[in-house]
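Novice: For the protein sequence lines, the chains are H and R, in the order given. Counting from 1, one number per residue, gives the positions in the first sequence under the working numbering. Counting from 1001, one number per residue, gives the positions in the second sequence under the working numbering.
Just to be clear, a hint being listed does not mean it is correct.
Below are the PhoX-like pairs computed for lysine-lysine, each with C-alpha atoms no more than 25 Å apart in a straight line [stated by the list, open to error]:
hint	chain 1	residue 1	chain 2	residue 2
1	H	K171	R	K1295
2	H	K53	H	K111
3	H	K171	H	K150
4	R	K1295	R	K1360
5	H	K227	R	K1037
A few chain H positions that, by computed beta-carbon distances, are all more than 10 Å from chain R [as the list claims (entries may be wrong)]:
hint	residue
6	S68
7	T99
8	E116
9	Y131
10	M184
11	Q215
12	E245
13	I295
14	S300
15	P318
16	T330
17	A362
Honestly, the hints are just simulated from the structure, not real lab data. All values derive from a computational prediction rather than experimental measurement. Virtual Cβ for every residue (Gly too), placed ideally from N, Cα, C.
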Amino acid sequence: MTELSKSGAAVGEPTGASPAPTAFLEVRDLKVHFPTDDGLVKSVDGLSFQLEKGKTLGIVGESGSGKSVTSLGIMGLHTAGQYGKRKAQISGEIWLDGTELLSADPDDVRKLRGREMSMIFQDPLSALHPYYTIGQQIVEAYRIHHDVDKKTAKRRAVEMLDRVGIPQPDKRVDSHPHEFSGGMRHRAMIAMALVNNPELLIADEPTTALDVTVQAQILDLLRDLQKEFGSAIIVITHDLGVVAELADDILVMYGGRCVERGPAEKVFYEPRHPYTWGLLGSMPRLDREQQERLIPVKGSPPSLINIPSGCAFNPRCPYADLPKDNVTRTVRPELAEVGSRHWAACHLGKEQRERIWTEEIAPKL
Amino acid sequence: MSDEKAGTKPAQSESNPVGGEVMLKVTGLQKHFPIKKGLLQRQVGAVHAVDGLDFEVRSGETLGVVGESGCGKSTMGRLITRLLEPTAGKVEFQGQDITHLGVSGMRPLRRDVQMIFQDPYSSLNPRHTIGTIIGAPFKLQGVEPEGGVKKEVQRLLSVVGLNPEHYNRYPHEFSGGQRQRIGIARALALKPKLVVADEPVSALDVSIQAQVVNLLDDLQEELGLTYVIIAHDLSVVRHVSDRIAVMYLGKIVELADRESLYRAPMHPYTKALMSAVPIPDPRRRNAKSERILLKGDVPSPISPPSGCRFHTRCWKATKICTTTEPKLTELKPGQQVACHHPENFEDQAPQDTVLLTAAKEASELVAAEVLAESAQTSAAVAAEVSETGTPAKAESPEDQEPTDKQS
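I would like the entire structure built from these sequences, with the hints used as guidance.
Specialist: Spelled out as structure tokens, the structure:
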């Protein structure tokens, strides 16, 4: 798990003691575990990545792979809530623009939240308060971080609504969320997330609940806004199409860990992990000739309480028996560099994987 | 309108490669949900969820139905399985009119028409074991399968790829994908002829989605099933369907076989819908110009726009679109379209060339290349058809730079 920091950027000591983050956002060995009656749920189990300003990182994975827990972890939203009597156990480091967030005073993090980093949620109906007008909610978000009077803040709200493409923003600012359509609510939520010009924007399944035509509008908006504000964006999604549209880098998660990470082009054209192959094969594609059959990943995602020993993907991996000595079932593979800025965690030999991809997988996609 | 449609059907069935006999025939199907207000619950309006559908499903084929949320595709599914009572129109199943059959009248037909639901969590009773759930159809229909219900249920479980020993387990013990398989097993219990699947895979993870899609494929082959698959995901629909109906605001705007629809969509809405699907290919990211962004949202089905319902968002809309509703007509063999100014085809209303103001705004969102290309193909088709050849030519410059020039 420390491979990233070793081979990636200019980080000497991966032990955690050295604050030398050159990247705008750097996550090191993040672990988020939830104690439950059935056992410890290891939602995120050693995740590291960096992200620069103006760049977009796409985190892909199936439900229960730890994508959302990661995003809430970065936002510091796990510590705030208690799970029964027990709290989430979080370890690792999250460096945002030179500040370590996990060890920081919760009050300080609170000041950053909304201003430095903010979040777009999947479901705007539950993210927006039904009782307050859209305007009131945006104004509140703005005034918490800016010492301005209500009038100025409201002007700012109208300006933001206009920016995200809501027609007649000066009128709609006084509407309640239920008066907006799904796409407009989404825009309003994006306006709220962006009102303080955050430098880090986390979009958790930003378009999953939307129709394709509205999704196209929202993706377009996100791209434009990034160009305009130069924020760093983390897009969390299960839709490889969305990641391909937005992301510069892609991180594939499985069972709470990163199994592959690299530039979008590499992950799509030279994937080096069987799970990524599986994802690509499962997807019917509009841009290709009709496939005869999809190539699904057999089985179902693992339980996070009982992650398979060795490689978490081994029970579903068609190549699990290739490496010698049953190593896939006993030893957990670490991320290893497979190309420039491209890492994968797999026991298969590098050449072996290259061969399987080019000869067996790629022709069928 | 329905009579007229019925007349055009036979010609079209010849052109279809999968053409078996007609299993389900729908004419002028409507469903309006009343909106009631006030003390007396007087009806003040209606949601025109489904507003005049004409199509047929032939045995052995898969008809895919796509459209955005609120276009009436799920209502359509519930109407043809008669879970809802149609407001108007006619549904015929294997020649029998089932439009207004009562519960008991429908019961024998329930064997032949089954449904797979979207949500594998709410469609299974949490208090019943899997055995009871899948065995329920036998009980309800009074069918005693060969070898007993238990044996048959276990056979069904293995057919859908579940462990037959899980007979006594409860739904919560299964994952989403497995639950969807249980729903499929239940739907297949009585050996139905027609299976209507409403968003069968949209609640599932990508890797599981593929498993279920393949399963549906295999079952169709083995059991000779006919499917109506309702989904919003165009890539999934393309993968599973033989013919595809595109719906917009309660109407079918285009109905064509898969290849024609994806190669050369004729309705501007179909074109926009397909261009909006994100392509999982980072190299294509710069080819964004192909994308047609639609402005705003789908209008309310309570008071749908006059004429062509898509005219408020269409970049090709002219005056005729606001006044005259285009009929779903077969322009090419196997491709029915309801549009005055179709893409990839000769203009149906060439005399009408003045774009609406809304259309001008909308066309600003469409890249010039796309417009030019569409004008070119339209002109080419027009020349090919060449009765006159002149009208289509006049249209192309208007489309690229919207100006108020009368031809």
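Novice: Now tell me, hint by hint, if it's right for this structure.
Specialist: Hints versus structure:
no.	hint	result
1	K171/H with K1295/R	19 Å, holds
2	K53/H with K111/H	20 Å, holds
3	K171/H with K150/H	16 Å, holds
4	K1295/R with K1360/R	11 Å, holds
5	K227/H with K1037/R	48 Å, violated
6	S68	14 Å, holds
7	T99	32 Å, holds
8	E116	28 Å, holds
9	Y131	24 Å, holds
10	M184	7 Å, violated
11	Q215	7 Å, violated
12	E245	5 Å, violated
13	I295	7 Å, violated
14	S300	5 Å, violated
15	P318	13 Å, holds
16	T330	24 Å, holds
17	A362	13 Å, holds
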